[in-house]
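Now for the letters of each chain:
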Amino acid sequence: MTDIEVGEHLYRFPGGLRLRHHKQVACRAPLERLPMPDALWIPLRQHQGPPGEPIVEAGETVLTGQPLTRAADDRQVPVHASTSGRIRGLVEGPAYWPPGTTAPCIVLEPDGHDRWIDAEDPPGRDEEADSLIRRLRAGGLAGLGGAMFPTAAKLRGDWPEIHTLILNGSECEPYISCDEMLMRERPGAILEGGRILARALGAREVVIGIEDQMGAVRRAFDAAAKEHDPDGICRVVQVTTIYPEGGEKQLIQVLTGREVPHDGLPQDLGLVCLNVATAAAARDIVVEDRPVVERIVTISGPGIAEPCNRIVRLGTPVRALIESAGGTSGDVDRVVVGGPMSGLPLASVDAPVVKGTNCILVLREQDVRRIQPVMPCINCGECVRVCPASLLPQQLFHALRSDRLEDAADLDLFDCIECGCCAHVCPSHIPLVDYYRSGKGLLRARGAEEARAARARARHEAREQREAQRAAERRRRREQRERGLDSPDGARDEVRAAVERARRTARNDPEDDS
Amino acid sequence: MRLSLAGPPHFPPINTVGGVMRQVLYALVPGILAHAWFFGPGIFIQIGLATGMALALEAAMLKARGRPLRPFLGDCSAVVTAVLFALSVPPLAPWWIALTGMIFAIVIAKHLYGGLGYNLFNPAMVGFAAVIIAFPFDLSQWLAPRQLSAGLPGVLESLQAVFTGRLPASMQWDAITQATPLDALKTGVAENRLVTEIREAPIFGDFGGLGWEWIANFYALGGLWLLYRRVISWHVPVAVIATVVAVSTPMWLAGPDINPSPAQHLFSGALILGAFFIATDPVSGCATMRGRLVFGAGVAVLTLAIRRFGAYPDGVAFAILLMNMAAPAIDRLTRPRTYGHAR
Amino acid sequence: MTELLSAAAVMIALLLGIGGMLAVLARRWRPDEDSIVERINAVLPQTQCGQCDYPGCRPYAEAIAAGEADINQCPPGGQDGVRRLAELLGREPKPLDPAFGETAPPQVAVIDEDRCIGCRLCIQACPVDAILGAPKRMHTVIEAECTGCELCLPPCPVDCIDLVPRPQPFVWPVHAPDDPIRAEAALR
Numbered sequence: 003m004t005d006i007e008v009g010e011h012l013y014r015f016p017g018g019l020r021l022r023h024h025k026q027v028a029c030r031a032p033l034e035r036l037p038m039p040d041a042l043w044i045p046l047r048q049h050q051g052p053p054g055e056p057i058v059e060a061g062e063t064v065l066t067g068q069p070l071t072r073a074a075d076d077r078q079v080p081v082h083a084s085t086s087g088r089i090r091g092l093v094e095g096p097a098y099w100p101p102g103t104t105a106p107c108i109v110l111e112p113d114g115h116d117r118w119i120d121a122e123d124p125p126g127r128d129e130e131a132d133s134l135i136r137r138l139r140a141g142g143l144a145g146l147g148g149a150m151f152p153t154a155a156k157l158r159g160d161w162p163e164i165h166t167l168i169l170n171g172s173e174c175e176p177y178i179s180c181d182e183m184l185m186r187e188r189p190g191a192i193l194e195g196g197r198i199l200a201r202a203l204g205a206r207e208v209v210i211g212i213e214d215q216m217g218a219v220r221r222a223f224d225a226a227a228k229e230h231d232p233d234g235i236c237r238v239v240q241v242t243t244i245y246p247e248g249g250e251k252q253l254i255q256v257l258t259g260r261e262v263p264h265d266g267l268p269q270d271l272g273l274v275c276l277n278v279a280t281a282a283a284a285r286d287i288v289v290e291d292r293p294v295v296e297r298i299v300t301i302s303g304p305g306i307a308e309p310c311n312r313i314v315r316l317g318t319p320v321r322a323l324i325e326s327a328g329g330t331s332g333d334v335d336r337v338v339v340g341g342p343m344s345g346l347p348l349a350s351v352d353a354p355v356v357k358g359t360n361c362i363l364v365l366r367e368q369d370v371r372r373i374q375p376v377m378p379c380i381n382c383g384e385c386v387r388v389c390p391a392s393l394l395p396q397q398l399f400h401a402l403r404s405d406r407l408e409d410a411a412d413l414d415l416f417d418c419i420e421c422g423c424c425a426h427v428c429p430s431h432i433p434l435v436d437y438y439r440s441g442k443g444l445l446r447a448r449g450a451e452e453a454r455a456a457r458a459r460a461r462h463e464a465r466e467q468r469e470a471q472r473a474a475e476r477r478r479r480r481e482q483r484e485r486g487l488d489s490p491d492g493a494r495d496e497v498r499a500a501v502e503r504a505r506r507t508a509r510n511d512p513e514d515d516s
Numbered sequence: 041m042r043l044s045l046a047g048p049p050h051f052p053p054i055n056t057v058g059g060v061m062r063q064v065l066y067a068l069v070p071g072i073l074a075h076a077w078f079f080g081p082g083i084f085i086q087i088g089l090a091t092g093m094a095l096a097l098e099a100a101m102l103k104a105r106g107r108p109l110r111p112f113l114g115d116c117s118a119v120v121t122a123v124l125f126a127l128s129v130p131p132l133a134p135w136w137i138a139l140t141g142m143i144f145a146i147v148i149a150k151h152l153y154g155g156l157g158y159n160l161f162n163p164a165m166v167g168f169a170a171v172i173i174a175f176p177f178d179l180s181q182w183l184a185p186r187q188l189s190a191g192l193p194g195v196l197e198s199l200q201a202v203f204t205g206r207l208p209a210s211m212q213w214d215a216i217t218q219a220t221p222l223d224a225l226k227t228g229v230a231e232n233r234l235v236t237e238i239r240e241a242p243i244f245g246d247f248g249g250l251g252w253e254w255i256a257n258f259y260a261l262g263g264l265w266l267l268y269r270r271v272i273s274w275h276v277p278v279a280v281i282a283t284v285v286a287v288s289t290p291m292w293l294a295g296p297d298i299n300p301s302p303a304q305h306l307f308s309g310a311l312i313l314g315a316f317f318i319a320t321d322p323v324s325g326c327a328t329m330r331g332r333l334v335f336g337a338g339v340a341v342l343t344l345a346i347r348r349f350g351a352y353p354d355g356v357a358f359a360i361l362l363m364n365m366a367a368p369a370i371d372r373l374t375r376p377r378t379y380g381h382a383r
Numbered sequence: 005m006t007e008l009l010s011a012a013a014v015m016i017a018l019l020l021g022i023g024g025m026l027a028v029l030a031r032r033w034r035p036d037e038d039s040i041v042e043r044i045n046a047v048l049p050q051t052q053c054g055q056c057d058y059p060g061c062r063p064y065a066e067a068i069a070a071g072e073a074d075i076n077q078c079p080p081g082g083q084d085g086v087r088r089l090a091e092l093l094g095r096e097p098k099p100l101d102p103a104f105g106e107t108a109p110p111q112v113a114v115i116d117e118d119r120c121i122g123c124r125l126c127i128q129a130c131p132v133d134a135i136l137g138a139p140k141r142m143h144t145v146i147e148a149e150c151t152g153c154e155l156c157l158p159p160c161p162v163d164c165i166d167l168v169p170r171p172q173p174f175v176w177p178v179h180a181p182d183d184p185i186r187a188e189a190a191l192r
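Chains as they are written, first to last, in this note's numbering: chain A, 3 to 516; chain B, 41 to 383; chain C, 5 to 192.
Be a bit skeptical, because a hint or two may be false.
Unchecked claim - To list a few chain A residues with every Cβ distance to chain C over 12 Å, as calculated:
id, residue
1, GLU129
2, ARG220
3, THR242
4, ASP265
5, LEU402
6, GLU408
7, GLY441
8, GLU452
9, ARG459
10, HIS462
11, GLU463
12, GLU466
13, ARG468
14, ALA504
15, ARG505
Said to hold, decoys possible - Partial list, computed: chain C residues near chain A (C-beta under 7 Å):
id, residue
16, GLN52
17, GLN55
18, TRP176
To be verified - Partial pick of chain C residues on the chain B-facing surface, computed with a CB cut under 10 Å:
id, residue
19, GLY105
20, VAL178
21, HIS179
Quick caveat, the hints were computed from the structure, so don't treat them as lab data.
Everything numeric in this text was worked out from a predicted model, so none of it was measured.
A virtual CB, placed ideally from N, CA and C, is assigned to each residue, including glycine.
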C-alpha cells in the first residue's frame, strides 16, 4: 500500500457543485462559551451503535467528566456528565432520528460549580496503541464531524497496515463553520491530537485537508507546527472547494486519486479519515484526561438574528443555542441539524446537542418556498452531471417510484451518499434524496424480513426432519417387533415382556401419569 | 413552533422546468429574426398558429386526463414544441399544416404517451414527420430568400396565403417559391449532375444555402448561449457537428462530384437547429454524458445517410426520431462506473 | 403474382423456422420441477401458518408448481407477495383471495407468563420451534424467531398467548405534498 500518495497531487471527483458558502456570517462573532442551561439532557446513545449501560442513579451527584454509561466493546461509546450536578433521572427525551421520536436521556441539573472529576490516569501521550485506544474509548470519542462513528472501532480492526491518517477539515456544506473556528482557535490541539491518533493507528503521516479558501487556517497551522509538531509528520493540504469534497469518500479521492471500494473501508487503502474536531478531542482525552463533554456548534442560517459559533456542553437544548444567537428572525419553517444540503430536520428545539451536532441552521418560510410544484422528471441529466458517486439519479428515481426496489439496488442505490446535489439541480423539484433514503430503508427492511424468513424456513425444515426421523424410528421399532413375532421364540418373549410391563404398571402409583 | 420535517436539501432547487424551457425559447430568438429577415414575416404567423394550437390542445388533453393546468401550461414545453415545429415548415404553409402537426405532436406523441417527461419521441419532430409524409407538396413550397425573391410577401399577403391558400393577384407562387438547396442537391445528383455544377445555382451561398447559412449561424449563436447557461450540455451538439464533419469530409475528398462539402452539409437544412435545439431535447434523448455523444453521432450519421440515400432531401427529423427509439438502450449501455466499483 | 407468392413463402418459412427454434430452446431450457419449487418457496414468507390450506410454505410452493394452487392464497405474503409470484411465474398478478384471510401487519406471539401452566401444547404446535419451556414450567417465545402464524393459539388451554404487532424499522418518508405525479398515481 506504499504506492498511495496522499495529497501530493490533487485529483478531481466527478460532479459536485460550487455553492455559496455563507460561512463568514458566523465567524465574525468571537467564539464564546454558552451559559449553562437549567438542565442538560444527555442521550445514552450519541454514536452509531448500541448504547452503553447506565451506571448512575437518580438523585446521585456527579462531577464533570464522570462517566454515566459503561461501554462493553469498541462499538459502544460511554457518555459523561457534561458538568457537575445532580442526576434527575433517566427519561425519554426528544431524539434526532427518527424525526419526532424520543430516546432515553439522563437529565442532569447543573450545580453551577462545574467541578471536574480527578484524573485517574496520568497524562500519557506516549503510551502504546492499545492503551491509547482504551483511553480514547473511555473518553467517549466518536466522530465529531456529524456521523458519530465510534472512533475506537475505526482505530482497531483487522485490515492492512495504516500508513496515513487524514484529518478532515474541509467542511463543504454552506453555513457550517465550527471546524474552521476550531482550526483557527486550537490548531496546536489538532496537531497534537493527530499525532496521538497516528500513534494509535501506527500511521507514519497525518494529512490535514482544508479548503482552498481557508487561508487563515493554513497560517494558524503553520504557526502552531513548530511547537506542537516538532518532527513534522503533519501536513496541511488545501483542496478545491466543490461540494461535497468534505465527504470522506470524496476527500480520499481528491487527495489520493483512489476510490474506497464499494464493499470496503478507507482502511483497505491504508487510510483512516477522521474529523479535525475528533483529533482535538482525542488530545484533550489523552493529554488532559478530559472526556468529550463539549463541542463547538455553529448557530446560523437566514432565520438566526446574530449567527455565531459557541462552545456548548453536550446535552444543552437547541432552544438555548438559538436564544444565545439573538433568537430567530422571521417566520421559522424548520430547524436543521447540519447543513442545508444534507442536514436533518428537527422535530423539536428541545432536542439536546450531542457529539455530532455541528450546526444548528434555522430557515424561514421564504428560504424554503418552492416556486413550482413537483413535476415529472424530464430526463434533463443535470442530476447525472452533478452526482459525485457517478450514479444515474433519474433512473434510480424511476425505479423507486414504480417500487422496483431490486432495479434500484442494481443501479447501486447503496452507493448514494445522500449529498443532495441531484435534488438541488432538479428542475422538476423532485425530492430525490427522500426517494433514495426511503428506498434504502425499504430494501434494508426487506433484507431483514428475508433473513427472518430464511431462519424460519431453516427452523421449520429442521423440525420437519426431526419429526420425520422420529416417525421413521417409531416405524423401524414397530417393524422390528412385528418381525420378532414371526418367530415362535420371539413371540413368546414379546408376550412375556408385555405381561411384565402390565404388572409393573398395575403395581405403580396409579396417580403417576408418566 | 411547528417545524417542517421535509427532507434535505433544504433550499429550493435552482432550476425550474419552465425556466429551462423559457431559456430555450430566448435562445431561438436570433435564429427566428434571421429567418424572418431572409424569408419574410410568415414565420411569425407559423409560430403564432402552432403555439396557439399547441396550448389549446395541451389544455384540452390536460383537462381530459384530469391533470392540473397551471403547472403544465406554465412550463412552456408545449410552446417549445410549437416553435420548433414552426421553424421546420415553410413560412407560407397553410394553417391546417400547423393543426395537423400539433395534433400529432401534442395529442399523440406527448399526451398519449403520458404527458411531459414520458414521451418516447420528440413531439415537434413527430408532428413534422407526420405532415411531411402526409403533405409533401405543401411542405416543399419554400420561399426564395430575400436576395432571389421577386418580392417577399408582407404580413397581409402571408396571412392571406396561410389562411386561404391563395396569394394576392400581384404575386405568383412560382415567382416567390424556390427549391431549397438540399432539394436542389437531391434532384441534381439524381439527374447525374456534378455537385460543383449544382452549386453554381444562385440559391447556394458561400458555404451553405443562401440565407440558410446565416440562419444556421444565428441558431448556433443561441445554442452557444444555451451552452454557456448550462441549459444544454456540449455533448450532443459537438457529437453531431464533429460526426458530420468526420463522415462527410472523406466522402467529399474522395468524390467531390457527387458528395457535398462538410460545410454544405452543416449549413443547409435543419442540422444546426437540430444539433443545438432538437437533439438536445432531454426527455426523448439520452441522460448519460457518453450516451449523449453516441446519440449525437447517431443523429449525424443517419441524417447524412438519409440525405445521401433517402427519399427526403433533409433527414434531421427522421434521424432524431430513430435515435429517440435507441435512447433508452444507449443510456443502459453507457451507464457510468459507480464510485468504488470495478468496471 | 410470383413475387407475392415468393414473399408469402419466405414469410411462412421464417415463421416456421423461428417457431421451431423457439420450441427446441424451450424444451432444452425448461427449468426442472425442483428448482421451480425452490424459487417459489424463496418468495413465500415462511410464516408456516397454513392459511393457504397447505401444511406449510413448501407444500404450498409444490402445489403452485404443480398447478394445483393459485398464487393468491398467501395472506402473510400480501399483495406484494402475489406480485412477486406472478413475476416469477410470468403470470398476471391478481388480488389476494379473501377466502384465505386478510393481510395483517407483522406480529409476534407473547405468552402471558402469569397464566401459562406449562402444558407444552404450544411448543408442539409451533412450526419453527420458537417457543421454549419445560413441562410445568413457564414457556416463553423467542421473539426473533416467531413468525406470528397463530398456530399456537388454538391448542393453548388457558388462552395465555397474545399476538402483538412486531416493531417495524423506520423508513424515511417521501415528502411531496403537491406532487402532480402522485396525483396521477391516485387517479389510477
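Give me the numbers of the hints this structure contradicts, sorted from smallest to largest. 5, 6, 7, 8, 9, 10, 11, 12, 13, 17 and 19
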